[in-house]
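Participant: If you want the building blocks of each chain, they are given just below.
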Amino acid sequence: MKKWLTSTALVCTLALPVSAQDYTPDPNAKQGGTIIVTYKDDVATLDPAIGYDWQNWSMIKSLYDGLLDYVPGTTTLRPGLAESYEISGDGTVFTFKLRAGVKFHNGREMTAEDVKYSLDRVTNPATVSPGAGFFASIKGYDEVTAGTATSLEGVTVIDPLTVQITLSRPDATFLHVMALNFASVVPNEAVEAAGADFGKMPVGTGAFKLAEWTLGQRLVFERNADYWREGLPYLDSVVFEVGQEPVVALLRLQNGEVDVPGDGIPPAKFAEVMADPAQAARVVVGGQLHTGYITLNTTLPPFDKLEVRKAVNMAINKDRIVQIINGRAVPATQPLPPSMPGYTEGYAGYAYDVEGAMALLAEAGLADGFETELYVMNTDPNPRIAQAIQQDLAAIGVKATIQSLAQANVIEAGGAGTAPMVWSGGMAWIADFPDPSNFYGPILGCSGAAAGGWNWSKFCDAALDAKAAEADAMADPAKATDRLALWSDVYTGVMEQAPWVPVFNEERYTMKSERMGGEDALYVDPVSIPVNYDYVYVK
Amino acid sequence: MAAYFLRRLAQAALILLGVSLITFVLLFVLPADPVRQIAGRSANAETVQNIREQLGLDQPFVVQYGRYLGALLQGDMGRSYLQKTAVADLILARLPATLLLMLGAILCELALGVAMGVVAAMFRGRAIDNGLMTLSFVTVSAPQFVVSLILLYVFAVKLGWFPIGGYGTFAHLVLPAITLGILGSGWYARMLRSSMIDVLRADFIRTARAKGLTQRRVVLRHALPNAILPIIAMIGIDIGVFMGGIVVVESVFGWPGIGQLAFQAIQRIDIPIIMGVTLVSAAAIVLGNLLADIVAPFIDPRIRLR
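As given, the protein sequences belong to chains S and X, one line each in that order. For the first sequence, our numbering begins at 161 and goes up steadily by one. For the second sequence, our numbering begins at 23 and goes up steadily by one.
Check the hints yourself; a few may be wrong.
Computed list of lysine-lysine pairs in DSS-like fashion (alpha-carbon distance at most 25 angstroms, straight line) [stated by the list, open to error]:
hint, chain 1, residue 1, chain 2, residue 2
1, S, Lys429, X, Lys106
2, X, Lys106, S, Lys276
3, S, Lys263, S, Lys299
4, X, Lys180, S, Lys360
5, S, Lys299, S, Lys627
Just so you know, the hints here were simulated from the structure itself, not pulled from any lab data.
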C-alpha cells in the first residue's frame, strides 16, 4: 500500500524542494512491454497549444511537460520542469527555478528561453490556441492579444535556469494554469521547422516521444530514454489504434488484443460487463470533475421567475436518471462535483418534491403548467435521459418538447440563448483544472452569458460575479481555506437562484486488460484520461 | 474523339464547381458554428473572435467561397480545422484503403451477381430462379448498416472466421467488401439474367447447341461473354454508388478510408475536410461515368462517342 503525501505545503512554502511531495513509485513496476489503446476518432493534433479534447489531452501530457504537474492519480500540484518557485508577497510575481539538464526529444537542453517562447507562442493570436484566455492574468497579455506586441511583457528570463512571470492582477489559479497542457514547454527550432504541422511532429521533454503516426490508423509512442524523471516511463511503447468502434474495442479486449479501450465501456454493454465477475474485476471506478445539469434560460419566460426554476429543480427525480445510466453517476445537489475543492458538504439542494413543485408553480401563477422545449444532444443515453426529464416535468403539468440535435446544433442554440432548457449530457462541464473557479466564469458567470458563450442559462448576477472575482484574487496561499469557503458561498448563492438543475456527477469506468499493472488511481487519473501512460506498466 | 473529351472535361469541371458551391452553401447555412467546436468550452470571447478571424470565418459568404476556390485552383484544399493537417494529406493517406475496398467490392459484386444471374437465367421461371430474384431484391434493398452489423456479428463475433474490423490483411477486407458489393450484386444478377435470356435465344447459341456442345460450355463460353458486356460497362457507374456506401461501411468496420474521415468530419463540422472529401467523391463519380462511356463503344460497336 502506497501512501499519498498530500501535504498542502506546496502552495504555502517558498522554494520548495521536489522531494517534499511526490509519487511513491510502485515497487512491483517493471520496465518494458507495449500496450494497445483504441479510439474511435482520429487524434486531432499533438500541438500542446492547440490540442483541447479529452482524447489528446493525456497523450500531450506524456509527450510534453510544463513547469508544474500533478501527482499521478490525484489533483495535487507538484513541480514539473520547475524544481522550485517563489511567489512574491502580493501574489503577482512568480519566480520559477528550472531543473538543469532536461533534454527535448531532439537532444537540446531546455532553458528559460524556451519557457518564455512557449508562453509567447500560446498567447499569440496567430497560434489560434483555444487556451490563450487562461493566460489573461499575465502582464502584457492584452497587448499580445491585440497584436501590438509579440512577446509577453510579464515573462522575463533572469538566467538560463530562472524565469520570472509577473501578473497584472493576483490570480489564485495561476499555478494550475501553469500545469495545463497549454503551458507545455516546446523548443522554438522544432516548432519553426515543422510550421503548421507541429501537431503532427511533436517535440517536447515528456516521458514518451512520437515514433510513428500513420494517418487514420495508428500512432506509436516510444519511451524517451533521456526522460528526466528517473526510471520512467515503464512502458517501452504505447500503440494507439484509431477508427475502432467502442463495441469492437471491447470485443477485442475480451479476445486479449487490446489493453485499454480509450472510449470506455459502451453504454449498451455496460450491464453485461459488470455482471461478469471476471470482467468487472478489470474495471476501475473513480470520480471525475464532472457535473451533468439542465440549464434554465433565465431570460426567457417563464424561467425568468425564480419560483418556476425552483419548481423544476424539485420536479426532477435524479435517482431515476442515475438508474437510466446504469448507476454510473451520483445524484448532484450543486454545480461543483464532490471531488472538487470548495464543494459544500452537507448541502441538500432541492429535494425531489412533486407537490412542493406544483405549489411553487401555482405561486408563480402557472398552476396549469406551461409549454417549453428541452434541447438535448442526440447520442445515447442523452435522449433517454431527456425523456425521463420530460416525464418528471409532465408530472407537475409542464409540457416539454424534446429537441434532439447534433452536438454542434445544441451548443449553438444554447449559446444563442434560444433554448429554454438544455440537458448538458455529452457537452457537460469537465474541469480543465481542479479548482472551483473553473466551474464558474464560462458557465455561470456574466462573461459566459454573452451570445455564443457556454452559460446557457444566461444567468448573470453581478454580486456573485464580484464575489468570484474576489475569491480568484486571493492568491495568498495562507488564505486558501478562506478562498474555498468564499467559493462555496458563490455556488450556494447560485443555487438559491436556481439557474441550473444539477442532475448528477458522472463516475469514470476504465477497463483494462489482465496484464496491466499499477495501482487503480492511475486508471482513473483526474487529469490523464483514460490512464496515466507514464506510470502504468505491464505485469 | 478529342472534341468529345474536351467537352466532357468541361462538363466535369462545371459539375465539380456546382458541387463545391452547393456543399459550401449548405455548410454555411448550417445552424452550428465551427468556431465553437474548435474553441472549446473555456475559450473567452477574444479567443473565439481570434479563431474566427484567423480562419476567415468572419468574412461574408462570397469572400469565403472565393478564397476557397482560389486556393483550390492552386491545388490547396486547405487545412483541417481540428487536426490542423493539410486536407490533401489526410485524403491521400486514406485513399489507398478506400480504393482497395472498392476493388474488393467490385470483385465481390461481379462474382455474386454473375453467379446468381447465370443460374437464374438457366433455370428461368423455376423455383430456383424465383428464389434468386427474391434474394437479389433483398440485397438491393437491405440498408448497408444492417448488412454490415449482421455480417460482423455472425462471421466475426460468433464464428470468428474474420477479424472484428480493422485493416491490414486480406481477411480484414472480406466482410466490408461483401457488405459494399452485395448491393450491386443484386442489380447485376437481375441485369445479367435478362441479358443472358436474350443471348440464350440468339441464333449463334442454337448453332452451338446444334454442334453438340455441352450445356456448360454453351453457357460459360458462348453466352456469358456476350451477356456480360453491358455489365462491365456499368462498373464505372458503381463508383458513385460505392461513394455513398463507404461512409457507413468504413465506419462500422473501422476501415481507414475517406468515408470514415468524412463521417468524423461531419460530426465535428470540420468544413475543409467535408469539402475535400465531397469534391474527391464527386470527381470519382464523374471519372467513373466518363470511364463507363469510353468503355461502352469498345464493348458494343453500335455505340459511338459524339
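Participant: Hint by hint, say whether it matches the structure.
Facilitator: Hint check:
Taking the CA atoms of Lys429/S and Lys106/X, the gap is near 34 angstroms; set against the 25 angstroms cutoff, the hint is violated. About 24 angstroms separates the Cα atoms of Lys106/X and Lys276/S, which keeps this hinted pair within 25 angstroms; it holds. With a CA separation close to 29 angstroms, the supplied pair Lys263/S and Lys299/S exceeds the 25 angstroms bound. Between Lys180/X and Lys360/S the CA atoms are separated by roughly 39 angstroms; this puts the pair beyond 25 angstroms, and the hint is violated.
A C-alpha spacing of about 23 angstroms is found between Lys299/S and Lys627/S, which places the hinted pair at or below 25 angstroms, so the restraint holds.
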